[in-house]
Each structure stands twice: as structure tokens, then as C-alpha cells.
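Visitor: Spelled out, the chains give:
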Amino acid sequence: GQQLNQSPQSMFIQEGEDVSMNCTSSSIFNTWLWYKQDPGEGPVLLIALYKAGELTSNGRLTAQFGITRKDSFLNISASIPSDVGIYFCAGRPRAGGTSYGKLTFGQGTILTVHP
Amino acid sequence: DGGITQSPKYLFRKEGQNVTLSCEQNLNHDAMYWYRQDPGQGLRLIYYSQIVNDFQKGDIAEGYSVSREKKESFPLTVTSAQKNPTAFYLCASEWKGASGANVLTFGAGSRLTVL
Numbered sequence: 001g002q003q004l005n006q007s008p009q010s011m012f013i014q015e016g017e018d019v020s021m022n023c024t025s026s027s028i029f030n031t032w033l034w035y036k037q038d039p040g041e042g043p044v045l046l047i048a049l050y051k052a053g054e055l056t057s058n059g060r061l062t063a064q065f066g067i068t069r070k071d072s073f074l075n076i077s078a079s080i081p082s083d084v085g086i087y088f089c090a091g092r093p094r095a096g097g098t099s100y101g102k103l104t105f106g107q108g109t110i111l112t113v114h115p
Numbered sequence: 116d117g118g119i120t121q122s123p124k125y126l127f128r129k130e131g132q133n134v135t136l137s138c139e140q141n142l143n144h145d146a147m148y149w150y151r152q153d154p155g156q157g158l159r160l161i162y163y164s165q166i167v168n169d170f171q172k173g174d175i176a177e178g179y180s181v182s183r184e185k186k187e188s189f190p191l192t193v194t195s196a197q198k199n200p201t202a203f204y205l206c207a208s209e210w211k212g213a214s215g216a217n218v219l220t221f222g223a224g225s226r227l228t229v230l
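Going down the list, the sequences are from chains A and B. Number 115 marks the last residue of the first sequence (the numbering used here); no jumps. Number 230 marks the last residue of the second sequence (the numbering used here); no jumps.
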């Protein structure tokens, strides 16, 4: 199946620092999604990207859909303690037929923010 | 409020027993999904259903079964054939994002522990 490489696997930062994480794929994707998961909860959608080169912001979060359609990054500016959690990228590959089907998820980036 | 409800939140099971995890949504979404999450891994797809009375196997369907008798409900049964059932299980449903591409909305998850 599709493979997504998400890095880094974990990050330990001080409050106020900026954070960057990325995902790369061996295949072309039509959609990139970024989710955040709090401990013991389900993932919540942060940003959805649909076009190559698209740059989208949501508060302190910024994500981009890579020009090659094989990568995406997520930046968090001025981190705060509530940013703690697991961040997942997810991509939907370009394919024929119905757009229903399987998102592929990265392995997640565990973010720890020290006050 | 509209959303996805998973129950129970925590479940303990003895080896050899079947258990059923409930997933109910009032979002009027057509497609529903079950994922399994293990520490340090991304989300792995167990089963998905695009419409009532139809479902397809995901990447790790062995030892699991589902039904989709109603649009709102997509229960997952973890059978005794599942060799390593201890995990966090996530149910999701699918909606179209702003640009028409589908994104997943997740429930809060169910943690199954086999004793």
C-alpha cells in the first residue's frame, strides 16, 4: 500500500518556540490533511489541502501542499502548552473512480511543550 | 450537537471472548470507517462502509467483523480470532470539505484491553 513518512517522530520544545514537521510520499496525492490527537481522544482535523502549492493558515498553524504533490509540511508558531499531542498527516492518493477510499496516515509526530 | 459517539470508552475482555464496539453518527454521512491505533504507529484501516448494507475490508480486517444495517450505525466486533486485540479503536465518518474533497471526522475512541 501507500507509504507516508512523517518526521520527526517526536519533538521536545520550549513554550514560545516554532515547530515544523513534514510528510513525504512515494506517490502523488490529491489531498493532504493534518490532524491533531489529544491523549485518549480521537484526531481532530486542523487543516485540509487540496491543490499543489496551496498554503493555508489556521491561527498559529500553517500547512502547505508541496509542488511535487508528494509532500506537505505543518508549522506551528509560538507554541503553547496546549499544543501538546500527536500530529498526523494523512493523504489521499490520486486514483480513478470514486473519491471514497482510503486515506493513508503518517506515523505521527509526538509534540511535547515545556512551559 | 452533531458528532460521532463511540462506546464503551474502555473495555476489558478475557481471551477467547468476542466484543462489540459501538459507533453512532448523527452527521448524515454516508461513509464510515474503523481504524486501529497502536503506540508509535499510524492509523490502520480495519473496515469501511460507503453505504448501508455494504462494507469492504481494509488493510487489517482479519479477526474483525462489521455490519451496516443503518446509516447512523457501524458496529465493530473484535472476535476471538484476532490474535492481538489490545489497542485503541477509532471510528470515523466522511464528509466533503470546502473544495469537495472528502475528509474524515473521528469519534473519541474505544480502548480495548485483553486480560
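It is worth saying that the hints were derived from the structure and are not from the lab. Treat the hints with caution; some may be incorrect.
Output of the computed footprint for chain B on chain A, the stretches with three or more beta carbons under 8 Å from beta carbons of chain B [as the list claims (entries may be wrong)]:
#1 42-50
#2 106-112
Okay, derived cross-link-like pairs now, DSBU-like style, lysine-lysine, Cα gap no bigger than 30 Å in a straight line [what the hints assert, rightly or not]:
#3 K129(B) x K51(A)
#4 K172(B) x K186(B)
#5 K198(B) x K102(A)
#6 K70(A) x K51(A)
#7 K124(B) x K198(B)
#8 K185(B) x K124(B)
#9 K124(B) x K51(A)
#10 K102(A) x K51(A)
#11 K70(A) x K102(A)
#12 K129(B) x K198(B)
#13 K172(B) x K70(A)
#14 K172(B) x K185(B)
#15 K124(B) x K172(B)
#16 K172(B) x K129(B)
#17 K102(A) x K186(B)
#18 K186(B) x K124(B)
#19 K172(B) x K198(B)
#20 K51(A) x K198(B)
For each residue, glycine too, the CB sits at the ideal point set by N, CA and C.
Visitor: Against this structure, judge whether each hint is valid.
Guide: Hint-by-hint comparison with the structure:
1. 42-50: As far as the region 42-50 of chain A goes, the hint holds, because 6 residues have Cβ atoms under 8 Å from chain B.
2. 106-112: Check passed, 3 qualifying residues.
3. K129(B) x K51(A): violated (48 Å)
4. K172(B) x K186(B): holds (18 Å)
5. K198(B) x K102(A): holds (24 Å)
6. K70(A) x K51(A): Answer holds: K70(A) to K51(A) is near 12 Å, not above 30 Å.
7. K124(B) x K198(B): With Cα atoms ~21 Å apart, K124(B) and K198(B) stay inside 30 Å; holds.
8. K185(B) x K124(B): Since the Cα atoms of K185(B) and K124(B) sit roughly 22 Å apart, the hinted pair holds (cutoff 30 Å).
9. K124(B) x K51(A): violated (37 Å)
10. K102(A) x K51(A): Holds. K102(A) to K51(A) sits at ~19 Å (cutoff 30 Å).
11. K70(A) x K102(A): Roughly 17 Å separates the two Cα atoms, so the pair holds.
12. K129(B) x K198(B): holds (12 Å)
13. K172(B) x K70(A): holds (26 Å)
14. K172(B) x K185(B): Holds, at about 18 Å.
15. K124(B) x K172(B): holds (24 Å)
16. K172(B) x K129(B): holds (25 Å)
17. K102(A) x K186(B): holds (19 Å)
18. K186(B) x K124(B): holds (22 Å)
19. K172(B) x K198(B): Given pair K172(B), K198(B) holds - Cα atoms ~17 Å apart, limit 30 Å.
20. K51(A) x K198(B): Judged against 30 Å, a Cα distance of about 41 Å means the pair is violated.
Against the hints set out earlier in the document, violations occur for numbers 3, 9, 20.
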